[in-house]
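Colleague: Sequence:
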Amino acid sequence: MELILKIEELRMELNHLARSKRLADREMIMVSQQLDELLNEYHRLMIQKQVK
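The sequence shown runs 13 to 64 under our numbering.
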């Protein structure tokens with residue numbers, strides 16, 4: 013559940029940044045990459061859960 017909260021937090025941060033930054037802004041890219049990593053981790057966990 014903590015992972016889902018982190019994902020939601022980063023998603024909200026990215027949406028907030030999108031209102032004031034350009035898409036190619038370094039901070040936008042960093043937050044987007046962090047969110048991608050968490051989403052990939054979530055996806056891996058869901059696959060493992062299905063296999064069991």
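Calculated directly from the structure, the hints in this document are not laboratory data. Heads up, the beta-carbon is just placed ideally off N, CA and C, and yes, glycines get one too. Incorrect hints may have been included.
Here are the simulated SDA-like pairs of lysine to any residue, each with C-alpha atoms no more than 25 Å apart in a straight line [what the hints assert, rightly or not]: (1) K64 to Q45; (2) K33 to R56; (3) K61 to L51; (4) K33 to M13; (5) K18 to R56; (6) K33 to R23; (7) K64 to K33; (8) K61 to K33; (9) K61 to L15.
Label-pair ranges, simulated between beta-carbon atoms [said to hold, decoys possible]: (10) E21 to Q60: 29 to 37 Å; (11) R56 to E20: 15 to 23 Å; (12) M13 to Q46: 26 to 34 Å; (13) R34 to I59: 28 to 36 Å; (14) K18 to I59: 14 to 22 Å.
Colleague: Now, for every hint given, state plainly whether the structure supports it.
Modeller: Each hint, compared with the structure:
1. K64 to Q45: violated (29 Å)
2. K33 to R56: violated (31 Å)
3. K61 to L51: With a Cα-Cα distance of about 15 Å, the restraint between K61 and L51 holds, given a limit of 25 Å.
4. K33 to M13: violated (30 Å)
5. K18 to R56: OK: K18 and R56 at ~16 Å, within 25 Å.
6. K33 to R23: holds (15 Å)
7. K64 to K33: Violated: K64 and K33 sit about 43 Å apart, past 25 Å.
8. K61 to K33: Since the Cα atoms of K61 and K33 sit roughly 37 Å apart, the hinted pair is violated (cutoff 25 Å).
9. K61 to L15: Cα-Cα ~15 Å, so holds.
10. E21 to Q60: 29 to 37 Å: violated (23 Å)
11. R56 to E20: 15 to 23 Å: holds (18 Å)
12. M13 to Q46: 26 to 34 Å: violated (19 Å)
13. R34 to I59: 28 to 36 Å: Between R34 and I59, where Cβ atoms are some 35 Å apart, the hint holds.
14. K18 to I59: 14 to 22 Å: holds (19 Å)
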